[in-house]
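J.: Residue 153 in the numbering used here sits at position 152 of the sequence shown, and the numbers go up by one each step.
Check each hint, because a few of them may be wrong.
Stated by the list, open to error - Heads up, simulated SDA-like pairs for lysine to any residue below, C-alpha to C-alpha not over 25 Å straight-line: (1) Lys-163 / Ser-116; (2) Lys-9 / Asp-115; (3) Lys-93 / Ala-77; (4) Lys-103 / Val-153; (5) Lys-163 / Val-153; (6) Lys-102 / Ala-77; (7) Lys-146 / Val-159; (8) Lys-103 / Asn-125; (9) Lys-122 / Thr-107; (10) Lys-6 / Asp-18; (11) Lys-21 / Gln-68; (12) Lys-93 / Leu-5; (13) Lys-93 / Gln-68; (14) Lys-146 / Asn-127; (15) Lys-172 / Asp-115; (16) Lys-6 / Tyr-17; (17) Lys-39 / Tyr-23.
Note that these hints are calculated values from the structure, not bench results.
Predicted model only: the values in this text are computed from it and were never measured.
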Amino acid sequence: MPLLKVRKRSGQRVNYDRAKIYGAIAGANRDASTPADKLSADDLERVTTSVEQAIAENEIIGVEAIQDQVEKCLMAHGFFDVAKQFIVYRQKHSQRRAAQKKLMDTYRDIFFADSVDIDLKRDNANINTDASMGIMLKLGAESSKYFVDNYVLPEEFVRADKENWIHIHEKSWRSVVTR
2 MPLLKVRKRS
12 GQRVNYDRAK
22 IYGAIAGANR
32 DASTPADKLS
42 ADDLERVTTS
52 VEQAIAENEI
62 IGVEAIQDQV
72 EKCLMAHGFF
82 DVAKQFIVYR
92 QKHSQRRAAQ
102 KKLMDTYRDI
112 FFADSVDIDL
122 KRDNANINTD
132 ASMGIMLKLG
142 AESSKYFVDN
152 YVLPEEFVRA
162 DKENWIHIHE
172 KSWRSVVTR
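Start from the sequences, fold in the hints, and give me the full structure.
T.: Have a look at this one:
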């Protein structure tokens, strides 16, 4: 039976689209270290076809399984630098998904927990985070922290902050303003 559906991480099932595999490989190819490491148009087609053949027996397959096959096929064809770029891309996006989930969990806590029950809502004694304006202020602060960690600061500073080697005071406001 031919591959018909792809199961996204959300569980949603969508129609299979070859162009998505080709585009993912092409994106990793653009990031390859040197021109000698890059795939030609024929190579892109050949690797995409190899991935399709590897997953063809599935009627439904998950995104992660397809991405695993992309890595395997790139390496099987000897395109190690492109495979490395693809792996790095996957890792960065996985980290961003985890950070977004953490932000949404934080939002849920801000909206639905009382300040007596959660430290997150008690980090500033001057703000009543059980009141509407306090909730709005806290949502903005947590969004700013997320943005600074994921799009502004170099990774080594974010890591140092999370591991408590440094403390970035008022990261939610000052970091964005003084950048």
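J.: Measure nothing beyond the straight line between the CA atoms of Lys-163 and Val-153; if it is 25 Å or shorter, mark the hint as holding.
T.: Roughly 15 Å between the alpha carbons, so the hint for Lys-163 and Val-153 holds.
J.: Within 25 Å, alpha carbon to alpha carbon, are Lys-93 and Leu-5?
T.: Violated. Lys-93 to Leu-5 sits at ~28 Å, over the 25 Å cutoff.
J.: With the threshold set at 25 Å, check whether the alpha-carbon distance from Lys-122 to Thr-107 stays at or below it.
T.: Holds. Lys-122 to Thr-107 sits at ~10 Å (cutoff 25 Å).
J.: Straight-line Cα separation of Lys-93 and Gln-68 no greater than 25 Å?
T.: 14 Å, holds
J.: Could you grab the alpha-carbon distance between Lys-102 and Ala-77 and see if it respects the 25 Å cut-off?
T.: 34 Å, violated
J.: Holds or violated: are the alpha carbons of Lys-9 and Asp-115 at most 25 Å from each other?
T.: 35 Å, violated
J.: Decide if the proposed pair is consistent with the structure: Lys-6 and Asp-18, CA atoms, cutoff 25 Å inclusive.
T.: Within the cut-off at roughly 9 Å; holds.
J.: For the pair we were handed, Lys-146 and Val-159, check the Cα-Cα distance against 25 Å.
T.: 10 Å, holds
J.: Do the alpha carbons of Lys-146 and Asn-127 lie within 25 Å of each other, as the hint requires?
T.: 19 Å, holds
J.: Are the Cα atoms of Lys-103 and Asn-125 separated by 25 Å or less?
T.: 21 Å, holds
J.: Would you check the hint for Lys-163 and Ser-116, treating anything up to 25 Å between C-alpha atoms as holding?
T.: 23 Å, holds
J.: Measure nothing beyond the straight line between the CA atoms of Lys-39 and Tyr-23; if it is 25 Å or shorter, mark the hint as holding.
T.: Since the Cα atoms of Lys-39 and Tyr-23 sit roughly 14 Å apart, the hinted pair holds (cutoff 25 Å).
Checked against the numbered hints above, the structure breaks hints 2, 6, 12 and satisfies the rest.
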